[in-house]
Amino acid sequence: ETGVTQSPTHLIKTRGQQVTLRCSSQSGHNTVSWYQQALGQGPQFIFQYYREEENGRGNFPPRFSGLQFPNYSSELNVNALELDDSALYLCASSRTGTGANVLTFGAGSRLTVL
Amino acid sequence: RKEVEQDPGPFNVPEGATVAFNCTYSNSASQSFFWYRQDCRKEPKLLMSVYSSGNEDGRFTAQLNRASQYISLLIRDSKLSDSATYLCVVNPGGGNKLTFGTGTQLKVEL
Chain A
1 ETGVTQSPTH LIKTRGQQVT LRCSSQSGHN TVSWYQQALG QGPQFIFQYY REEENGRGNF
61 PPRFSGLQFP NYSSELNVNA LELDDSALYL CASSRTGTGA NVLTFGAGSR LTVL
Chain B
1 RKEVEQDPGP FNVPEGATVA FNCTYSNSAS QSFFWYRQDC RKEPKLLMSV YSSGNEDGRF
61 TAQLNRASQY ISLLIRDSKL SDSATYLCVV NPGGGNKLTF GTGTQLKVEL
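Chains as they are written, first to last, in our numbering: chain A, 1 to 114; chain B, 1 to 110.
One or more hints might be untrue.
Some chain A residues close to chain B (C-beta under 7 Å, calculated; not the full set) [to be verified]:
no.: 1; residue: A38
no.: 2; residue: Q41
no.: 3; residue: P43
no.: 4; residue: F45
no.: 5; residue: G56
no.: 6; residue: F60
no.: 7; residue: A107
no.: 8; residue: G108
Result set (BS3-like, lysine-lysine): computed pairs, CA atoms no more than 30 Å apart in a straight line [unchecked claim]:
no.: 9; chain 1: A; residue 1: K13; chain 2: B; residue 2: K79
no.: 10; chain 1: B; residue 1: K107; chain 2: A; residue 2: K13
no.: 11; chain 1: A; residue 1: K13; chain 2: B; residue 2: K97
In case anyone wonders, no lab produced these hints; they're calculated from the structure.
All residues carry an ideal CB built from backbone N, CA and C; glycine is no exception.
Can you make the complete structure from the sequences, with help from the hints?
Here it is in structure tokens:
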């Protein structure tokens with residue numbers, strides 16, 4: 001059983017640029033959630049994707065967008081990067097039904113915005 | 001008021017000690033509760049779910065008090081390997097959206 005994999009692991013961008021982060025979900029999982037974790041904070045829910053559609057969103061502006069593909073993998077896109085977007089971006093996969101609340105996290109993509 | 005509140009610590013304890021972490025949540029309709037563990041610069045990993053009747057997993061005991069909207073985690077016989085940040089996590093309303101506290105840092109020392 002493969003776990004959740006994310007890429008890239010680290011990246012540096014400058015203000016105003018755009019970034020795409022990628023996530024492959026764990027085998028057997030059909031739902032993907034994205035979280036942002038700033039230094040010293042707990043993860044904050046960005047949004048969730050199920051059946052290739054956004055299925056719940058946290059308090060993040062529209063410049064945060066995502067996609068889910070037929071193989072359940074997902075992308076997080078952030079436009080017009082700001083310094084405060086510097087954080088660890090975590091992807092988590094899960095499945096619907098029994099155990100739906102149990103999330104398996106990837107190791108994250110650490111984004112630095114200069 | 002934050003949705004999930006925890007004391008950030010750090011809690012510095014000697015090996016073998018018993019340590020307890022507490023957490024409060026604001027949404028009385030919350031349905032599911034968890035403790036996750038996060039090692040430095042790693043991803044969070046599920047430690048245990050928390051049930052109203054209380055549950056135990058080896059040296060770890062979790063308790064939920066719905067009336068007080070309070071969750072606890074007790075670690076007995078602390079090991080050096082228990083050093084990590086412990087995240088209190090609440091599912092406020094079904095679905096898979098989880099709300100995390102800021103985490104409590106535990107350092108177990110010789």
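Legend entry - Those earlier numbered hints the structure runs against, lowest number first: Failing hints, ascending: 1, 6, 9, 10.
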